[in-house]
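Visitor: Here the protein sequences come in this chain order: A and B. Our numbering numbers the first residue of the first sequence as 4 and each following residue consecutively. Our numbering numbers the first residue of the second sequence as 30 and each following residue consecutively.
Keep in mind the hints are simulated off the structure, nothing from the lab. Hints may be right or wrong, so weigh each one.
[Said to hold, decoys possible] Among the chain A residues that face chain B by a calculated CB cut under 10 Å, a handful are: (1) Q67; (2) E69; (3) Q178; (4) R186; (5) Y209; (6) R356.
Fair warning: this is a prediction, and the values are worked out from it, not measured in the lab. Glycine residues also receive a C-beta, built at the ideal position from the N, C-alpha and C atoms.
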Amino acid sequence: MYVSNLSLRDFRNYRRLDLELASSTTLLYGVNAAGKTSLLEALYYLATTRSPRSSSDRELVNWQAEGEAGALPFARIAADVQQAHARTRLEVLIQLRADESSTQRPQLRPQGSAQKLIRINRKPVRALDLVGQLRVVLFTPADLVLVYGSPAERRRYLDITLSQLDPHYVRTLAQYNKLLQQRNSLLRAWRERRRPLRGIDDELGYWDNELTAAGGYVLAERLRAVADLNTIAGTLYDTITGSGQQLAIGYDSSFERPTDTIEGAALSQRMLQSLRALRRDEVQRGQTLIGPHRDDLTFAVGGINLGIYGSRGQQRSVALALKLGESRLMYERSGDMPVLLLDDVLSELDMQRRKHVLSSIRHTGQQTLVTATDLSDFEPDFLQQAHHLRVENGQIFAL
Amino acid sequence: MRPAYSERPQLVVEPVARLIEEFSRLPGIGPKTASRLTFFLLRAEPELAHGLAQALHDLKDQVRLCQRCFNITVEEFCPICLEPSRDQSVICVVEEPLDLLAIERTGAYRGLYHVLHGHIAPLDGVYREHLKIDELIARLRTEAVDEVILATNPNTEGEATAYLILKDLVPLGVRATRLARGLPTGGDLEWADIDTLGAALEGRREL
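Just chain B, same shape as in the assembly (with noise of 0.2 Å):
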């Protein structure tokens, strides 16, 4: 990424210019906006940077991913993995812990989960050694687990992973099932898309 004042350098002095710069290292974030930020902190009361700045340290420092299922936790295990009350024998294969959070919002699931941390993208240089697929293969050898439900995306990056988990899952003998690809509820049968509509009518079911 190119700096926002390249031309004339010496106009900004170097923390402001260091700071802008690695503002405009994130996602979705231009020089202009870098900027923005920049010298809206350089203005802002010194708690809100001292603040922020603590929060990004926290955030590498104490944040690290659960021993068992590679959720973001910041103990050894997760909070999921730590309750005794949930469905040890039932295990929800996501590719991140945005993902889980989702899930976990709708309240209808009460097994365990395990965060891949990415999905199969050979444009992108991920393969299956970087996802954590061998890990839930040994957590499958050594937990008692009935049923592994693949919720990758139901997109092609996401089927193809899925597809490589089931490969796995056969010889082991447990039972795999997928989420539903199908119409938004509440929706409109005239407002849904050709390929959902396709999905939802190859998916349909029996009543």
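Only chain A is shown next, with the shape it has when bound in the complex (with noise of 0.2 Å):
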């Protein structure tokens, strides 16, 4: 798939944009603070519904966004995605709330929220719809804390390559999310003493149904992810380093899997039998304490965990293969090549892992969208056979 069209409005530094683009490599540049990454984000966004840089929608309207006829400032993204024999039109409408009064100078807007409205070829969807509708796969230079980050950053990794594959999956990571967060109040209700512990088993008996169910699903997509994973990044990593040695990647539950299957009900089955057996642990702390909500990913070579002991550069050997990885996974899936969004990640690397990145970018065929400062980092007929635009000020200039 690519996205032949881009429009924005009010995102970020972007007032208005209409911008047609190729299905293979485009290389987009300018000074820093341009608005190149914006671009990335905007694409980002219409595939996953997030932003990767902020936790806050508001903060993507410009701040000199004015509202028409008395509506309130938003901002919009829309964009025309081409498939095999289809295109389809993904709008986004991120638009500031009414209580917070826009007369005031736009930087001193109290924090609040802002609702978003989603449209697929016109008809009004739910969030949840949009994603999987365009595929994306970023690459930025703070893909390194997978290797070294939190456990979150590695679930989310997992949880946004299978979102965008699976519809099934991302609704019932939303379910198990709000199911967590109710749980969570309950126990923590009992920790406190607000409420007696009589009755605790039948109070806890839906929620524990419900997440089980739930979150015997995720993980055992998880795991099958994981082990897809193993096949095309191991390989991917010896590749990129030349070092003659596999990836070998790792799935920590946080309870104790049966060792014999990975099928969503069995796996279901053992969670709700390990959530019984820590009830009184479990109200001792107030929250959940097993789930693919706790789960990690280890990554290991020559069994030695890179997490730990691993060099610079060998984690981000593993963070580029991880990013090839996803991509080359989301084309086995879905018989469809996902949209690489490359934001400055090329100055980071070394000469041998940049010219592995660009040469398995380039003969694929696939719609890439690189930023970059400096073009001195690319080879003469890379350069030759991308589309270039010049990004200034929040807006494009073709050459």
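Two chains, two separate frames, one set of hints: put the complex together.
Guide: Here you go:
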């Protein structure tokens, strides 16, 4: 799939943009703070309904944005996604809420939320329905935290990949997180002795059943993805490093899972048993102690855990193998190549890794958007093949 | 909630500012709407304001909950409980009085009700003891009831509530049923959302 057209309005530093995109490689260059990353961010947002860099949607709305005819200030992202035989129009409107008076100077607008309106082919849909319509893989220098950062980063990597591939996954995960919050509040109430412990099994029963039903599915899908990624990314690591060594990705579950199956129903059953055995601990701690939300990934080469003992170079290779692996996995599962977004990653890589990335994106005919401040990072024949766009102050100029 | 004219309170006289503040405490009403309502009432005929004040007063003064089913009423019992022709052997359990009205509008139900006044929502601090569940169990012990219809909402909180009540019904030997989930009448399969269609498939029945 590829994005043939992107239009922005009051998104970050873009007041108005209407941009045709090539189905092959496009190079976006310009000085810092020109708007290169914001462009990738817009595409990432359309794919996942989230920004990779900010947690608050309201930050995405341009400071000078004004509503029309009494409407509230909003940002708009819209794109046409081309697939084999179909074109889909995706659109997100991010509107500031009414209780935040727009007469104040925008920089001083109080913290608050924004609401999202989402349309596919002009038909309003829910946020979850948008996920998976456009599939992207984003490479940023921050990917390194996948290897040495907190477990949450690694869970997010799996979740974002699977959510884009499987509509049932993204829904089940949302449901799981909601159930988890409810269950935790219930446990917290007991921990703080706000409620009698009588009937605790009956009261937790529903939440236990639902949480483990959703958790089993999430876990099963993650395990299946990790098995596939081991085949794909394991070999990629060898190619990137030329070390003759394979990367082994391990899935570390928070409870002892059955060794003979990765089938969802069996995992749910085991999780339910483990939850019941943990009743006392959970009430004491006031939270759910096991489940996909406490799991982690491990990366090892030659039996050595690279998250702890790896050199920066090794860690960078793992992050790269994971990202390229994500793209390959999406292709194998969906039969369609995702759009690659490379945000200023090449400058961070040494010659060999850079060469590997460039060659793996150049031969596939996959839509790829690369940002750079310095064109000397690229080889001449790459520069020749790519479409060049100059980004300057929230505007884009073709050469 | 921050008052609408907090920056320069002296601009608005106290009774007006107070009403604006009271209005903006209502759900769905922000400072702007609150001001608009207030100034509308200021200009309107006095009867309108007095009528509104009286209605508000009577609402809290006269309306109370039915001793038996906790529906809203002005007497000791609600009109439905007082109606002798209703089927006394079936109780339909709903979350809110508004749900009761929705079921009444169908005209398809002739039994009694029990209003829980909420649903289980640990996140919002609503637990079993905040709902009229013990009162329901007490009713089932004294009244000759054959069937309890659990008509809580088909969402997480509603399901959790139904599950908890079911746990209490089993030892009493009362038959429990749940409203069916599925496709809306006159609907189109093509336009049904995934969750609803999935529930309809799960709950399919023999013809």
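Visitor: Each of the hints needs a verdict: does it hold here or not?
Guide: Hint by hint, here is what the structure shows:
Annotation: A/Q67 was flagged as interfacial toward chain B, and the flag is violated, the nearest CB pair being 23 Å apart, outside 10 Å. For A/E69, the interface hint is violated, the least distance from its beta-carbon to any beta-carbon of chain B being 17 Å, above 10 Å. Hint status for A/Q178 relative to chain B: holds, with the closest Cβ pair at about 8 Å, below 10 Å. Because the smallest distance between the Cβ of A/R186 and any Cβ of chain B comes to about 7 Å, under 10 Å, the interface hint for this residue holds.
With 10 Å as the threshold, the beta carbon of A/Y209 comes within range of chain B, its nearest partner Cβ sitting at about 4 Å, so the hint holds. Below 10 Å, beta-carbon pairs count as interface contacts, and A/R356 has none with chain B, the closest being about 41 Å; its hint is therefore violated.
Violated hints, listed in ascending order, are 1, 2 and 6; each of the other numbered hints is respected by the structure.
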